[in-house]
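Produce the complete structure using the sequences and hints provided.
Protein chains in written order, with our numbering: chain A, 1 to 723; chain B, 1 to 147.
None of these hints come from the bench; they were simulated from the model.
Do not take every clue at face value.
Simulated pairs of lysine-lysine, DSS-like, Cα-Cα distance not exceeding 27 Å [said to hold, decoys possible]: (1) 705(A) / 71(A); (2) 140(B) / 33(B); (3) 81(B) / 248(A); (4) 23(A) / 81(B); (5) 248(A) / 118(B).
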Amino acid sequence: MKAAEKKQTALQILAEYRYTPPKVERGYANQTLYVNVSDYTIAAKPVDEKMKHTFVGGRGFGLWLLWNAVKGTTRWNDPENEVILSSGPIGGTTVYPGSGKSIAVSLSPLTGTVMDSNVGGHFGPLLKFAGWDAIEVQGKSDKEVIIFVDGNKGLVQIIAAPALADDNHVLPEQLLELFAETPEDRIGISSVSTGPGAEHTLMGCLNVSFYDPRRKFVRLKQAGRGGIGTVFRHKKVKALVVKYIGVKGDSNGPANWAELTEVGKRMHREIYEQDPIMNDMRSNGTPYLVSIMNEFDLLPVHNFRYGSHPEATKLYNTEFRKYFSLGIPDGCWYGCTLACSRCVERFQPRTGPYQGQWVHVDGPEYETIAGVGSNCGVFDPHAVLEANFYCDAYGIDTISFGTALAFAMECYEAGILNKERTGGLELRFGNAEALLETLHQMGQGKGFGVIVGQGVRRMKQLFAEKYGADPAFLQDIGMECKGLEYSEYVSKESVAQQGGYGLANKGPQHDEAWLIFMDAVTKQIPTFEDKAEALHYFPMFRTWFSLNGLCKLPWNDVEPADNKRKYPPRLAARVPEHVRNYIQLFTAVTGREDVKEPEDLVLMSERVYNFQRIFNLKMGFGTREHDAIPYRSMGPVTVEEYESRAERYDQQLREIGFEPEGKSTEEKLAALRKYREQRYESLIDAVYKRRGWNAQGIPTLETVKRLGIDYPDVVALLKEHLR
Amino acid sequence: MKVLVFNPQLCDGCHVCEETCSQRWFKEVNAEKSAIRISASEDQPGRYQATVCNQCGECIDICPVLALTRDKHGIVRINKKLCTGCLSCVGFCPILAMYIHPDYVVPFKCIACGECAKACPTGALSIEDLPEAPLTETEKRMKVVAS
Chain A
1 MKAAEKKQTA LQILAEYRYT PPKVERGYAN QTLYVNVSDY TIAAKPVDEK
51 MKHTFVGGRG FGLWLLWNAV KGTTRWNDPE NEVILSSGPI GGTTVYPGSG
101 KSIAVSLSPL TGTVMDSNVG GHFGPLLKFA GWDAIEVQGK SDKEVIIFVD
151 GNKGLVQIIA APALADDNHV LPEQLLELFA ETPEDRIGIS SVSTGPGAEH
201 TLMGCLNVSF YDPRRKFVRL KQAGRGGIGT VFRHKKVKAL VVKYIGVKGD
251 SNGPANWAEL TEVGKRMHRE IYEQDPIMND MRSNGTPYLV SIMNEFDLLP
301 VHNFRYGSHP EATKLYNTEF RKYFSLGIPD GCWYGCTLAC SRCVERFQPR
351 TGPYQGQWVH VDGPEYETIA GVGSNCGVFD PHAVLEANFY CDAYGIDTIS
401 FGTALAFAME CYEAGILNKE RTGGLELRFG NAEALLETLH QMGQGKGFGV
451 IVGQGVRRMK QLFAEKYGAD PAFLQDIGME CKGLEYSEYV SKESVAQQGG
501 YGLANKGPQH DEAWLIFMDA VTKQIPTFED KAEALHYFPM FRTWFSLNGL
551 CKLPWNDVEP ADNKRKYPPR LAARVPEHVR NYIQLFTAVT GREDVKEPED
601 LVLMSERVYN FQRIFNLKMG FGTREHDAIP YRSMGPVTVE EYESRAERYD
651 QQLREIGFEP EGKSTEEKLA ALRKYREQRY ESLIDAVYKR RGWNAQGIPT
701 LETVKRLGID YPDVVALLKE HLR
Chain B
1 MKVLVFNPQL CDGCHVCEET CSQRWFKEVN AEKSAIRISA SEDQPGRYQA
51 TVCNQCGECI DICPVLALTR DKHGIVRINK KLCTGCLSCV GFCPILAMYI
101 HPDYVVPFKC IACGECAKAC PTGALSIEDL PEAPLTETEK RMKVVAS
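Structure (structure tokens):
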């Protein structure tokens, strides 16, 4: 008996389900997998044409399955909450770059409502090839379990987890060894797991793995946002593991392979030619953004007070490149030649349980550098990499961690916190040692780290109640909306981006819209109607990626050489040729003939987007007051913030007829604030109107009828709120 | 390493090489299934150019699953069993000499078998032994040689 078989024989199987793996046809396996870890039910649920037409896949499937699983009163830690992962019909395509994403959906511990978070790695595609368009995990186990799907054998098992590591530097490697029967199997195995930090905080991420055959270790990508990892651990799920050996170019069952090869070949060639002279994602990854953001005053510094810092050059991609191993494939799914998944192969942490040992780090992404770096005033690439490593190992979202810690640091510097209250942590901006110690505390579930791990919204409440801090000040500087921490861009000078953040369904993540350049730099969208149009088109268009298992980056982080010459700026921003690629790609995979124009993609997204808005309503949110944003994201809160960019703000006051000369900074702050807050409200009015929502931000009955999502329970819910 | 070498001075554009190649490997006469493609020269009217693999090995570093390796003769070969059909190698070949045909899910390329050189009526094609190409990043790591 082989060693791996022996290991598996020793496992305690709690439940088992056998099935005949269906052939994937036109992007769908046509069934989803339901697993209940309370009573060990394992079942197949059919996917019908209506579900495919309305929800497409990915985030859409996740929302629909969760909608049917929870009530309006369900809380994140109730057993009926679920963790769902689904890729989408294009997901698993190997010929087109960025086609291997999965979307995780759950009720979030941070927001209390529905969350979606996209992630690379091989899980979603392999799950589909194993015969499942989605996996839905419900219940709460009384012991640690692993859910194992063997797509070659047609077998699903709930297994009592044997003694395995908690931290995710080791656990995914152990899972690989446990389930790979031969070394060749490794490439066909992907796991979903998270670490101890996910248990001790509300900002746990999911780590999704893939095996790197050249580096010979497991790589990790994160579904970071909204604490889905925390839900995962609350259910006592140790890991989901899928195994499928035999991925081929046509495993996804495309309707038209010839068309698919055509569009895929064209895109690979474009990346070959254009990427080196554009963003050089293949060498830089997303860290290329740091210099751009710093130069345009958009890089969050010291809890979003400022948009640049003289020391930020230490966090530029040129500094991180010294650490990266390059020149070999770095896609998080086959065929991604944009290859942005950076890897530091040999890294030596200076603190924590891996102090002095050689480890590898997946990343850093721009968001991590800005979040744990500049926003916390830490301009040390080694410290950023170390925080990145431990966030992944502990299972903590780097964005929420960075933004929450930056908030705590500002509270410390403002005297709301002190060493006594933090248990000895000197949380000053720039204190990398304290940053890492906070992180280790999260991993261990002790000390002030646990408080930071509750997120900004809960810290605001706690600091006001316990330490008598001014709630209004905390509201102004606490960078959260809907309970989710902001991702890492300064939106002060772009009202459209303020809306991009404030109106995002899950909370302030930039994946719905990134409009800062077109709004504030190139000024392509001057009127509120223009901005509302952008806040209709871009969030809908970008939602489409999450329905299909696609990554956003190959859409506009590389462009055809003639994109900007051929099209006027507002159209060029949509990258029309890539939109055509997506139509061709979708049609080639699904064979659907009703998707011909960009508007058809937008319509597909609109259904799901509005459904998600209504889901928020079902959970007790989803109305105008929940789209309110902290003033820090709109303008300067403090005197020193104003004075740091006084010339800019004074000029703006003059333009609105307020003469700044002779006025105190406080007077100017107040005048600017009044103006900017009014603009945000005007923007919201315009966007609601454009999206077919009422003044409270609720989709109207006409809108849901037009979109075909007028299910009886949706209509009943809306009627209740539209009265 | 063995490489198919093309001499534009001798080619008269008869396309016999394409026919031979597709017949040898795909059992049909179809230029789109040939690993060598002859076209009119853009720079020199009346002359021809060939697009065919020069065994540079850059594709080895592009393949996500190590399906591309160099054999003991220095020829870059595709392991069909490992290939996931992502076509990265097709898009990233510097000279566009990696091909895909919609009848198949695995790309194909010249492996310097020499059939076309034998068939070429003008002697424009020959198999030559050229100096080894530098090791790719992958080869440095894996030291893998296809048998």
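* Of the hints stated earlier, which fail here? -> 2 and 5
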